[in-house]
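Novice: Residues per chain are reported as follows:
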Amino acid sequence: SQTIHQWPATLVQPVGSPLSLECTVEGTSNPNLYWYRQAAGRGLQLLFYSVGIGQISSEVPQNLSASRPQDRQFILSSKKLLLSDSGFYLCAWGPGGFYGYTFGSGTRLTVV
Amino acid sequence: AQSVAQPEDQVNVAEGNPLTVKCTYSVSGNPYLFWYVQYPNRGLQFLLKYITGDNLVKGSYGFEAEFNKSQTSFHLKKPSALVSDSALYFCAVRDEQNYGQNFVFGPGTRLSVLP
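Protein chains in written order, with our numbering: chain A, 1 to 112; chain B, 1 to 115.
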């Protein structure tokens, strides 16, 4: 069966420090991968999605970047964190079509 | 363009009473509709989906949803609410005609079931 792993679960980082959040999927190949941010426990904001290795689409301009170095690995990064980058980050994967998404357990990022 | 609305930020219901969480959508073609639930500090969990067929869809934890094409709605329901149903609920839609497009999520509705 397919599983999605996201880590770390919580992270406290100072302003100006770098960020790397990792997401990996097991049990499937060539998944569509997604990074969402959720502020204040409400709506989901799609940050990036990827349909294949090295293919990244950005939905909103921001201080973050994403990479997909391997088929089942999706990384969210920042060179210098801002206070506004705080939030709950969710990774998800989906095969497309009428299949829904499967979400990771999320990372709570607090920038101090 | 695809869009989803959840008109209520918050729904309060007493334990044992029926609950409804509303969702309306807009797509060009036929919709694929999903409901997800999120508990605090957790990822979203799949509840149920409508792809085609019967308008009443049954899902996890006793939830069901009714697809109404004329009203472009997909309301989530449960006959008898539990305190443990308290969570954040998201409706999502994808247009069948745009196979490669991403899902669009609604803003979420916070359900509070009071004991």
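These are computed hints drawn from the structure, not numbers from a lab. Warning: the hint list may mix true and false statements.
Said to hold, decoys possible - Estimated spans, in silico, between C-beta atoms of each pair:
id : chain 1 : residue 1 : chain 2 : residue 2 : range
1  : B       : Asn12     : A       : Gly43     : 17 to 23 Å
2  : B       : Asn68     : A       : Tyr99     : 35 to 41 Å
3  : A       : Trp7      : B       : Thr72     : 46 to 52 Å
4  : B       : Leu82     : A       : Ser105    : 18 to 24 Å
5  : B       : Ser60     : A       : Glu22     : 39 to 45 Å
6  : A       : Gly97     : B       : Lys77     : 22 to 28 Å
7  : B       : Leu82     : A       : Ser1      : 26 to 32 Å
8  : A       : Glu22     : B       : Glu96     : 32 to 38 Å
What the hints assert, rightly or not - Covered stretches of chain A (chain B as the covering partner; in silico rule of three or more C-beta atoms under 8 Å from a C-beta of chain B):
id : region
9  : 44-55
10 : 66-72
11 : 84-98
Unchecked claim - Over 10 Å on every C-beta distance to chain B, these chain A residues come out as not near it, computed from the model:
id : residue
12 : Ser20
13 : Asn32
14 : Ser77
15 : Thr102
Since we're looking at a predicted model, the values are computed, not measured. Built from N, CA and C at the ideal position, the CB exists for glycine as well.
Novice: Work down the list of hints and note, for each, if the structure agrees.
Specialist: The hints, checked one at a time:
1. B:Asn12 - A:Gly43: 17 to 23 Å: 20 Å, holds
2. B:Asn68 - A:Tyr99: 35 to 41 Å: 23 Å, violated
3. A:Trp7 - B:Thr72: 46 to 52 Å: Given about 39 Å between the Cβ atoms, the range is violated.
4. B:Leu82 - A:Ser105: 18 to 24 Å: With a Cβ separation near 23 Å, Leu82 (chain B) and Ser105 (chain A) satisfy 18 to 24 Å, so the hint holds.
5. B:Ser60 - A:Glu22: 39 to 45 Å: Roughly 28 Å apart at Cβ, these two residues miss the hinted range, so it is violated.
6. A:Gly97 - B:Lys77: 22 to 28 Å: The hint (22 to 28 Å, Cβ to Cβ) holds, given that Gly97 (chain A) and Lys77 (chain B) are roughly 26 Å apart.
7. B:Leu82 - A:Ser1: 26 to 32 Å: 28 Å, holds
8. A:Glu22 - B:Glu96: 32 to 38 Å: Since Glu22 (chain A) and Glu96 (chain B) have Cβ atoms about 33 Å apart, the given range 32 to 38 Å holds.
9. 44-55: Three-residue rule met by the region 44-55 of chain A, so holds; n is 4.
10. 66-72: Coverage by chain B is violated here, the residue count being 0 at a Cβ distance below 8 Å.
11. 84-98: Three-residue rule met by the region 84-98 of chain A, so holds; n is 7.
12. Ser20: Holds: least Cβ distance 19 Å, greater than 10 Å.
13. Asn32: 8 Å, violated
14. Ser77: 20 Å, holds
15. Thr102: Violated: least Cβ distance 7 Å, not greater than 10 Å.
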